[in-house]
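Trainee: One letter stands for each residue in the lines below.
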Amino acid sequence: MITILYFAWLRERTGLSEEKFLLAAGTVTVADLVDILAVRHVSAFQARRAIRCAVNQEFADPSTVLNAGDEVAFFPPVTGG
Amino acid sequence: MITILYFAWLRERTGLSEEKFLLAAGTVTVADLVDILAVRHVSAFQARRAIRCAVNQEFADPSTVLNAGDEVAFFPPVTGG
Amino acid sequence: MARIVVSEADFDVGAEIAALTAGRTDIGGIGCFIGTVRDNAPGTPDVTALTLEHYPAMTERALASIVALAENRWPLLGCTVIHRVGRMLPGENIVLVIAASAHRQAALDATAFLIDWLKTKAPFWKREDLASGEQVWVEARETDDAAAERWQER
Amino acid sequence: MARIVVSEADFDVGAEIAALTAGRTDIGGIGCFIGTVRDNAPGTPDVTALTLEHYPAMTERALASIVALAENRWPLLGCTVIHRVGRMLPGENIVLVIAASAHRQAALDATAFLIDWLKTKAPFWKREDLASGEQVWVEARETDDAAAERWQER
Numbered sequence: 001m002i003t004i005l006y007f008a009w010l011r012e013r014t015g016l017s018e019e020k021f022l023l024a025a026g027t028v029t030v031a032d033l034v035d036i037l038a039v040r041h042v043s044a045f046q047a048r049r050a051i052r053c054a055v056n057q058e059f060a061d062p063s064t065v066l067n068a069g070d071e072v073a074f075f076p077p078v079t080g081g
Numbered sequence: 001m002i003t004i005l006y007f008a009w010l011r012e013r014t015g016l017s018e019e020k021f022l023l024a025a026g027t028v029t030v031a032d033l034v035d036i037l038a039v040r041h042v043s044a045f046q047a048r049r050a051i052r053c054a055v056n057q058e059f060a061d062p063s064t065v066l067n068a069g070d071e072v073a074f075f076p077p078v079t080g081g
Numbered sequence: 001m002a003r004i005v006v007s008e009a010d011f012d013v014g015a016e017i018a019a020l021t022a023g024r025t026d027i028g029g030i031g032c033f034i035g036t037v038r039d040n041a042p043g044t045p046d047v048t049a050l051t052l053e054h055y056p057a058m059t060e061r062a063l064a065s066i067v068a069l070a071e072n073r074w075p076l077l078g079c080t081v082i083h084r085v086g087r088m089l090p091g092e093n094i095v096l097v098i099a100a101s102a103h104r105q106a107a108l109d110a111t112a113f114l115i116d117w118l119k120t121k122a123p124f125w126k127r128e129d130l131a132s133g134e135q136v137w138v139e140a141r142e143t144d145d146a147a148a149e150r151w152q153e154r
Numbered sequence: 001m002a003r004i005v006v007s008e009a010d011f012d013v014g015a016e017i018a019a020l021t022a023g024r025t026d027i028g029g030i031g032c033f034i035g036t037v038r039d040n041a042p043g044t045p046d047v048t049a050l051t052l053e054h055y056p057a058m059t060e061r062a063l064a065s066i067v068a069l070a071e072n073r074w075p076l077l078g079c080t081v082i083h084r085v086g087r088m089l090p091g092e093n094i095v096l097v098i099a100a101s102a103h104r105q106a107a108l109d110a111t112a113f114l115i116d117w118l119k120t121k122a123p124f125w126k127r128e129d130l131a132s133g134e135q136v137w138v139e140a141r142e143t144d145d146a147a148a149e150r151w152q153e154r
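Chains as they are written, first to last, in our numbering: chain A, 1 to 81; chain B, 1 to 81; chain C, 1 to 154; chain D, 1 to 154.
With the rest of the complex left out, here is chain A (with noise of 0.2 Å):
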């Protein structure tokens, strides 16, 4: 099982803060997991080239390797400062 997080305009396009994902077996990326969630969520994950992903509150690529306990975020570039 890992969580997902979203912030900003993906919360509110997946009309959630966050969600229970239960890992299928094998090797689960975090572009496998963006292929499955956008099948779920349409519209936060139509426009992929904006979204940022975080596991376990770092920065990660699509091809980071997703475990059992992760902490997973969505969300568009950041704007803060």
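Incorrect hints may appear among the rest.
[Said to hold, decoys possible] A partial selection of chain C residues facing chain A, derived with a Cβ cut-off under 8 Å:
{"no.": "1", "residue": "83"}
{"no.": "2", "residue": "95"}
{"no.": "3", "residue": "124"}
{"no.": "4", "residue": "125"}
[Unchecked claim] Sample of chain C residues lacking proximity to chain D, with all beta carbon distances greater than 10 Å (derived):
{"no.": "5", "residue": "1"}
{"no.": "6", "residue": "6"}
{"no.": "7", "residue": "9"}
{"no.": "8", "residue": "69"}
{"no.": "9", "residue": "129"}
{"no.": "10", "residue": "145"}
Derived from the structure by calculation, the hints contain no laboratory data. Source: prediction; values computed, not measured. All C-beta atoms, glycine included, are put in the ideal place defined by N, C-alpha and C.
Following the hints, position chains B, C and D against chain A.
Mentor: Structure of chains B, C and D alone, referenced to chain A:
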């Protein structure tokens, strides 16, 4: 007549904050004035390359021409801020 | 050594500088940057409020790592980063960066680095309330990425 | 628009920033630099006091012209330069520069420019009182000239 001002170690070495000077006839530049003052204030004008000059409160060059009524200031490179 | 704060509360720039420099005689220069909420259009203001969302579990960690990079790169004698979250009105403070060093160049460079990196590497998102009633997520600017990148070239 | 002060009195950074930004909603970034009196040797302090001499008739004129250059170069929405003169102790403030703009880059660049130029173009001279009893005029640093020069290359 011009007014000559000294600041920082030039003030200390000349022992003067201010002195008056009667301009000679003809064209007198800052460099000419330094030649004359170097005779009067030997230790102050020893390190000529370390001396900066302002004429009427604007930075001046050795070639700047002096006129009666000018305020000429000599000082070391500035160290404020 | 660094002071890192993420809070809804406003900050007091004078008090933060005083706290950082109190009793210190080794500091020669203090750089400081304050980001404030701005109307997009002077004269005909169209931003009525700004809301800062963040990712709490990641934010302080990200800020600490940005500060550590700065401390690694410049001989800092003090560093403060305060970022507000929640709802703010035009004119209000958003972010404060302070960097102190023996010499001014390190203080100024570290200040610029901290705000450049914070803008591109810390998980904050701005949403503007517009006069029209619309709520718009601010888009990241390419110039911000470029500003952050220039610190890697050196 | 700019506020330029040369005075023996200390300044209040928070109050100066507040005065510059009061009622403004067009400012997005405020850059700030504070120069302070520093011991030359941490642990074994050897500077007991600093005395700032200046050329009064020229000083405010020089500062005004430096500020005018900055205002010409960046879209500033506010600018404050305060330089103290007279005798100061380690830890005390010497100089304050504030530059405000709609965007951070202009505010930060103008702040750095102002302090770089002020250090090389304004008629101030520092004399240190040392623990030994000696009084020494601080020598200009070539790095200061280089810092000022880099603004001309661009």
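Trainee: Now look at each hint and say whether the structure bears it out.
Mentor: Hints, one by one, checked against the model:
1. 83: 6 Å, holds
2. 95: OK, holds: residue 95 of chain C within 8 Å of chain A, min 5 Å.
3. 124: At 3 Å from the nearest chain A Cβ, residue 124 of chain C passes the 8 Å test, so the hint holds.
4. 125: 4 Å, holds
5. 1: Answer for residue 1 of chain C: holds, closest chain D Cβ roughly 15 Å.
6. 6: 19 Å, holds
7. 9: Given a closest Cβ separation of 16 Å, the condition holds.
8. 69: Given a closest Cβ separation of 18 Å, the condition holds.
9. 129: 14 Å, holds
10. 145: Non-interface label on residue 145 of chain C holds, nearest chain D Cβ at 13 Å vs cutoff 10 Å.
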